[in-house]
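With chain A fixed as given, assemble chain B onto it according to the hints.
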Amino acid sequence: MPRTLELPDQDTLSRLPGLSRRLFLGGTGAAALTALLAACGADTTPATSTPSAARAAVSAAPKRGGVLRVGTPPPPTKVDPVSMYDGSAIAIVQLVADYLIWLDKDFKLVPRLAEKWESRDGGKRWVFTLRQGVKFSDGTPLDADAVKATFDRLLDPKSKSAALSAFDSVLARGGVNVSGPSTVVFTLERPFSDFPYLVSAGNYNAVILKKDHAGDFTKNPIGTGPFLLRSYDLSRGASLVRNPSHWREGRPYLDGIEVKFYADDQADLLALQSGEIDAQILSRAQLVGPLKGAGDIVVDQVPATALTAFTFRVDQPPFDRKEVRQAVAYALDRPGLNATLYEGIGALGNDHLFAALFPAAPADIPQRGKDPAKVAELLGGQKLTFPLTFDPPTKDYALALQAQLKAVGIEVTLDQRTSADFYGGDQEKDTPWLFSTANLVGWAGRAVPSQFIIPMVKSGGVWNGSKYANAALDAAADAYDAATTDTERKAQAEIIAKALNEDVPVVISVWGGAVRAHNGAKFAGVAAHPSNYVDFSEVHAL
Amino acid sequence: MRRFLLRRLATIPLTLFAVSLLVYAATELVPGDVARTILGREASPASVAALRAQLGLDRPVVQRYLDWLSGFLTGRWGDSYTLGAPVRGLVLDRLGASLLLAGLAFALLVPVALTLGLIAGVSHDRPADRVISVTGLTLGAVPEFVTGVVLLVVFAVRLHWLPASAQAPEGASPVTRLGHLVLPALSLVLLCMGYVARHVRASTVASVESPYARAAALRGATRAQVVRRHVLRNSTVPATSALGVQLQFLLGGLVSVELLFNYPGVGALLLQSAVDKDLPTLQAVAMVLGVLYMLIVLAADLTYRLLDPRVRLGEAVA
Numbered sequence: 000m001p002r003t004l005e006l007p008d009q010d011t012l013s014r015l016p017g018l019s020r021r022l023f024l025g026g027t028g029a030a031a032l033t034a035l036l037a038a039c040g041a042d043t044t045p046a047t048s049t050p051s052a053a054r055a056a057v058s059a060a061p062k063r064g065g066v067l068r069v070g071t072p073p074p075p076t077k078v079d080p081v082s083m084y085d086g087s088a089i090a091i092v093q094l095v096a097d098y099l100i101w102l103d104k105d106f107k108l109v110p111r112l113a114e115k116w117e118s119r120d121g122g123k124r125w126v127f128t129l130r131q132g133v134k135f136s137d138g139t140p141l142d143a144d145a146v147k148a149t150f151d152r153l154l155d156p157k158s159k160s161a162a163l164s165a166f167d168s169v170l171a172r173g174g175v176n177v178s179g180p181s182t183v184v185f186t187l188e189r190p191f192s193d194f195p196y197l198v199s200a201g202n203y204n205a206v207i208l209k210k211d212h213a214g215d216f217t218k219n220p221i222g223t224g225p226f227l228l229r230s231y232d233l234s235r236g237a238s239l240v241r242n243p244s245h246w247r248e249g250r251p252y253l254d255g256i257e258v259k260f261y262a263d264d265q266a267d268l269l270a271l272q273s274g275e276i277d278a279q280i281l282s283r284a285q286l287v288g289p290l291k292g293a294g295d296i297v298v299d300q301v302p303a304t305a306l307t308a309f310t311f312r313v314d315q316p317p318f319d320r321k322e323v324r325q326a327v328a329y330a331l332d333r334p335g336l337n338a339t340l341y342e343g344i345g346a347l348g349n350d351h352l353f354a355a356l357f358p359a360a361p362a363d364i365p366q367r368g369k370d371p372a373k374v375a376e377l378l379g380g381q382k383l384t385f386p387l388t389f390d391p392p393t394k395d396y397a398l399a400l401q402a403q404l405k406a407v408g409i410e411v412t413l414d415q416r417t418s419a420d421f422y423g424g425d426q427e428k429d430t431p432w433l434f435s436t437a438n439l440v441g442w443a444g445r446a447v448p449s450q451f452i453i454p455m456v457k458s459g460g461v462w463n464g465s466k467y468a469n470a471a472l473d474a475a476a477d478a479y480d481a482a483t484t485d486t487e488r489k490a491q492a493e494i495i496a497k498a499l500n501e502d503v504p505v506v507i508s509v510w511g512g513a514v515r516a517h518n519g520a521k522f523a524g525v526a527a528h529p530s531n532y533v534d535f536s537e538v539h540a541l
Numbered sequence: 000m001r002r003f004l005l006r007r008l009a010t011i012p013l014t015l016f017a018v019s020l021l022v023y024a025a026t027e028l029v030p031g032d033v034a035r036t037i038l039g040r041e042a043s044p045a046s047v048a049a050l051r052a053q054l055g056l057d058r059p060v061v062q063r064y065l066d067w068l069s070g071f072l073t074g075r076w077g078d079s080y081t082l083g084a085p086v087r088g089l090v091l092d093r094l095g096a097s098l099l100l101a102g103l104a105f106a107l108l109v110p111v112a113l114t115l116g117l118i119a120g121v122s123h124d125r126p127a128d129r130v131i132s133v134t135g136l137t138l139g140a141v142p143e144f145v146t147g148v149v150l151l152v153v154f155a156v157r158l159h160w161l162p163a164s165a166q167a168p169e170g171a172s173p174v175t176r177l178g179h180l181v182l183p184a185l186s187l188v189l190l191c192m193g194y195v196a197r198h199v200r201a202s203t204v205a206s207v208e209s210p211y212a213r214a215a216a217l218r219g220a221t222r223a224q225v226v227r228r229h230v231l232r233n234s235t236v237p238a239t240s241a242l243g244v245q246l247q248f249l250l251g252g253l254v255s256v257e258l259l260f261n262y263p264g265v266g267a268l269l270l271q272s273a274v275d276k277d278l279p280t281l282q283a284v285a286m287v288l289g290v291l292y293m294l295i296v297l298a299a300d301l302t303y304r305l306l307d308p309r310v311r312l313g314e315a316v317a
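Heads up: the protein sequence lines correspond to chains A and B, in order. Going by numbering that gives the first Met the number 0, the residue at position 478 of the first sequence is 477; the numbering climbs one at a time, nothing skipped. Going by numbering that gives the first Met the number 0, the residue at position 100 of the second sequence is 99; the numbering climbs one at a time, nothing skipped.
Errors might be hidden in some of the hints.
[What the hints assert, rightly or not] Pairs of lysine to any residue residues, derived as SDA-like cross-links and limited to a Cα-Cα distance of at most 20 Å, are as follows:
id, chain 1, residue 1, chain 2, residue 2
1, A, Lys157, B, Arg87
2, A, Lys466, B, Pro44
3, A, Lys77, B, His229
4, A, Lys157, B, Ala49
5, A, Lys428, B, Pro44
6, A, Lys157, B, Ala52
7, A, Lys123, A, Val66
8, A, Lys209, A, Pro180
9, A, Lys428, B, Ala49
10, A, Lys157, A, Lys123
11, A, Lys428, B, Gly55
12, A, Lys123, A, Asn176
13, A, Lys218, B, His159
14, A, Lys218, B, Ala45
15, A, Lys107, B, Leu161
16, A, Lys77, B, Arg87
17, A, Lys77, B, Pro85
18, A, Lys77, B, His159
19, A, Lys521, B, His159
20, A, Lys157, B, Leu54
21, A, Lys218, B, Gly88
22, A, Lys209, A, Gly138
23, A, Lys210, A, Asp142
24, A, Lys466, B, Ser43
25, A, Lys157, B, Ala45
26, A, Lys77, B, Gly77
27, A, Lys428, B, Ser43
28, A, Lys521, A, Val66
29, A, Lys157, B, Ser43
30, A, Lys489, A, Asp473
31, A, Lys157, B, Arg51
32, A, Lys218, B, Gly83
33, A, Lys77, B, Gly83
34, A, Lys218, B, Pro44
35, A, Lys428, B, Asp57
36, A, Lys157, B, Gly88
[What the hints assert, rightly or not] Calculated Cβ distances over 10 Å to all of chain A for the following chain B residues:
id, residue
37, Phe3
38, Val29
39, Val274
If you're looking for bench data, these hints aren't it; they were derived computationally from the structure. Backbone N, C-alpha and C fix where the C-beta goes; we use that ideal spot for every residue, glycine too.
Next up, chain A with everything else stripped away, as it sits in the complex:
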């Protein structure tokens, strides 16, 4: 008899880089599949559990030629550099277009179309000098006008770009000016010492497009990147070939890239296992983790700054008492969450917003751990029960939290919504992700801590779901942005981190890591990136 298929609500849909938009067949099916695949691979070629094979291969002279076949979920919306926000669309655009500055796996800034940059007026003005001799794929030279047009486009309120949020209160329309053919000057609304990050790949919409960018990127895919988009089919994938006039001498090594769309995680994984593709763009640690050591699959992993914020409404019971919030924070087994949710590749969080990747991260705040006695003391006999609202991508996290909190006598009622419902509604009045008693929100990785702090915990922040307000933290956040020395920045970071760790408006239990799997017997140079970005210009066939 035909089986009635249960429609997964927005289940497994995730719209941000770092989280894949894949459907279905999750849970035990996924676990069973990975176990099955791992078992299948166990008796094949000798294990390669780390990217050592790839590293060894990199040391040899890179071979030119070859086509890398990669799998990724189909973009949920059309591929538009200005409004894109999902990992697949971003990856396709990153293959074709460049940023002023690239962000490497250690979150260091790497000059790309900008050769150098410097701040003036105490960080309120930034002057960028463009690289000479760079041409767009249609032969048009890159100049300051194209860069200005790119940022004017992003800053236009009608652009619908997520970059608008990133530039909020820092750079407004009219703040970008040309000073010669290769010089662009950004005049900010306030000093912002991390500004280069906002015009880097860390602000993924900031790819440099032509001044007269026509708007339909898949039909007019003009960029300065290492590859040219030859064809694009929204159901099947994309075909790219080497850009023969790429500004980086001798790059890319590959002749081309075939991008195949897989709407399902398992299909993507099976394609990698069967040799139908050579690499994944958005690997999931839970799926590829068990494959380490199975055959030719190499799983590269890096620390990342993605997180799931466990947010409390501090302006209403039961979380209007700091002790209650702290009690929940002390109830969590963070290494257990890391193992369960991230295959152990994440880093423990300490309830503040400075990941170890951020240079200013304070190191002297004691790591919070599970302490049932402290929980009892903080609750003082109070029976704590609360609803936890979340959407499907954080379902596993919610279940793990419920189990861990139950162990110390805290009852959690799970309130799962579809993603459309969870993020829907009025953003200033009733949307569940900003107005529920307690919730879980997945945040894609950010290049600078201010991109978390300003919207999430600063008073009146646009995505301040906890409604936390702390004047001292606000002042420190402003001072952090304006700091011109590392010492000053670290001092402000410590104030912010200590306030968050003490007040616990959000629990940050684990910072997620990023993984990328590929066939290490065929290709080298396929590296994981904290934001799941792609730079395949160094990839070469073996």
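Same frame as chain A, now just chain B:
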């Protein structure tokens, strides 16, 4: 027969109208905002409001429905809200793919299920019957994505005999394309086989034990002759409606198989457009599948009438 056909054809537009109303109303009731889906949660409320206006989502629902209806009837199916592509090309392309996979699965299903059902019925309560019945029930109870995973792991990952993806490369030969469809078709056949075979088995058992079969045997006909002349046709007639139901399922209900085998069919498109509240796409898929479903039911009824004279006679008497 002609009156029957005309009456059934006349119900199609009415049914489609009801389906379109239901789909539209249900989509309106489901929480969520397609503009937010398109722009992502980090887009500003002003951007979301601007996109809603651009898509016409700020107009009254009745007006939007009527605009959609008039457009659809005049061949203007619009663009997908989320993908920005023309809906007609998108839906028909996916439908063609689904028809190909469903057609192959159905072509494999019919002979296999009929044969197994006949063997089980003729071997009533003997080991062959039990093996076929238990196997069919077991496979029918296992979700197709589980069967599919096992098939993939064995034949694509382990043995490398067949490709993991149902999508053949651009410009592949028909034989190669067929090779890519074998595993998904097989997982569907394994799922549906038991259901159809059970129907055939039941009617075969009834036919074998019927007075006319006994009379034929008493007249000296061999068992094979009895089966061929008297049992075969009577056993397969009831399977017609079972096969019709399976064909409907194969056309629109393949979401998990399409996802697992990475096949861009209409089922996954239907699911995604429903999740995203992409109404132009959702409505077009619902309409196209609605037409197909009704045509399949009609074809099954007509086949039943052609194979079974009692139905035609009953109608004539009435």
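Each hint, compared with the structure:
For the proposed pair A:Lys157 and B:Arg87, the alpha carbon gap of about 29 Å is over 20 Å, so the pair is violated. In summary, the hint linking A:Lys466 to B:Pro44 is supported, as the alpha carbons are separated by about 19 Å, within the 20 Å threshold. For the hint pairing A:Lys77 with B:His229, the CA-to-CA distance comes to about 59 Å; that exceeds 20 Å, so the pair is violated. Simply put, A:Lys157 and B:Ala49 have alpha-carbon atoms about 7 Å apart, close enough for the 20 Å limit, and the pair holds.
Taking the CA atoms of A:Lys428 and B:Pro44, the gap is about 12 Å. The hint holds against a cut of 20 Å. Between A:Lys157 and B:Ala52, the direct Cα distance comes to roughly 12 Å. Compliance with the 20 Å bound is thereby established for this hinted pair. This hinted pair does not check out: A:Lys123 and A:Val66 have alpha carbons roughly 45 Å apart, beyond 20 Å. At roughly 14 Å between alpha-carbon atoms, A:Lys209 and A:Pro180 fall within 20 Å of each other, so this suggested pair holds.
Distance hint between A:Lys428 and B:Ala49 is fulfilled; the C-alpha atoms sit about 19 Å from each other, no more than 20 Å. With a C-alpha separation of about 25 Å, the suggested pairing of A:Lys157 with A:Lys123 is violated against the 20 Å cut-off. The suggested pairing of A:Lys428 with B:Gly55 is violated, with an alpha-carbon distance near 23 Å, which exceeds 20 Å. Between A:Lys123 and A:Asn176, the direct Cα distance comes to roughly 14 Å. Compliance with the 20 Å bound is thereby established for this hinted pair.
Between A:Lys218 and B:His159 the CA atoms are separated by roughly 37 Å; this puts the pair beyond 20 Å, and the hint is violated. Between A:Lys218 and B:Ala45 the alpha-carbon distance is near 28 Å, which puts this suggested pair outside the 20 Å criterion. Of the pairs offered as hints, the one joining A:Lys107 and B:Leu161 is violated, with about 44 Å between alpha carbons and a cut-off of 20 Å exceeded. Restraint check: the Cα-Cα separation between A:Lys77 and B:Arg87 comes to about 17 Å, which is no more than 20 Å; the hinted pair holds.
At most 20 Å may separate the alpha-carbon atoms for a hinted pair to count; A:Lys77 and B:Pro85 meet this at roughly 12 Å. Proposed proximity of A:Lys77 and B:His159 is contradicted: the alpha carbons are some 34 Å apart, above 20 Å. In summary, the hint linking A:Lys521 to B:His159 is supported, as the alpha carbons are separated by about 17 Å, within the 20 Å threshold. Between A:Lys157 and B:Leu54, the direct Cα distance comes to roughly 14 Å. Compliance with the 20 Å bound is thereby established for this hinted pair.
Taken as a hint, the A:Lys218 and B:Gly88 pair is honoured in the structure, with Cα atoms around 17 Å apart against an allowance of 20 Å. With a CA separation close to 11 Å, the supplied pair A:Lys209 and A:Gly138 stays within the 20 Å bound. With a C-alpha separation of about 9 Å, the suggested pair A:Lys210 and A:Asp142 falls inside the 20 Å cut-off, and the hint holds. With a CA separation close to 19 Å, the supplied pair A:Lys466 and B:Ser43 stays within the 20 Å bound.
For the suggested pair A:Lys157 and B:Ala45, the alpha carbons sit about 8 Å apart, so the restraint of at most 20 Å is met. Between A:Lys77 and B:Gly77 the alpha-carbon distance is near 15 Å, which keeps this suggested pair within the 20 Å criterion. With a C-alpha separation of about 14 Å, the suggested pair A:Lys428 and B:Ser43 falls inside the 20 Å cut-off, and the hint holds. Distance check on the hinted pair: A:Lys521 and A:Val66 sit about 10 Å apart at the alpha-carbon level, within 20 Å; holds.
Our distance criterion of 20 Å between C-alpha atoms is met by A:Lys157 and B:Ser43, whose separation comes to about 10 Å. A threshold of 20 Å between alpha carbons decides the hint, and for A:Lys489 with A:Asp473 the separation of about 15 Å falls inside it, so the pair holds. Only pairs whose Cα atoms come within 20 Å are accepted, and A:Lys157 paired with B:Arg51 is accepted, the gap being roughly 12 Å. A distance of roughly 12 Å separates the Cα atoms of A:Lys218 and B:Gly83; the hinted pair therefore holds under the 20 Å criterion.
For the suggested pair A:Lys77 and B:Gly83, the alpha carbons sit about 6 Å apart, so the restraint of at most 20 Å is met. Between A:Lys218 and B:Pro44 the CA atoms are separated by roughly 29 Å; this puts the pair beyond 20 Å, and the hint is violated. Of the supplied pair hints, the one linking A:Lys428 and B:Asp57 holds, its CA atoms being roughly 19 Å apart against a limit of 20 Å. Pair hint A:Lys157 plus B:Gly88 does not hold up; C-alpha atoms about 29 Å apart against a cutoff of 20 Å.
In this structure B:Phe3 is separated from chain A by more than 10 Å, as the shortest Cβ-Cβ distance comes to about 26 Å. At the 10 Å boundary, the C-beta of B:Val29 falls inside the reach of chain A, the nearest C-beta of that chain being 7 Å off. The claim that B:Val274 is not at the interface with chain A is violated, since a C-beta of that chain comes within 10 Å of its own (minimum 6 Å).
Checked against the numbered hints given earlier, this structure breaks hints 1, 3, 7, 10, 11, 13, 14, 15, 18, 34, 36, 38 and 39; the rest are met.
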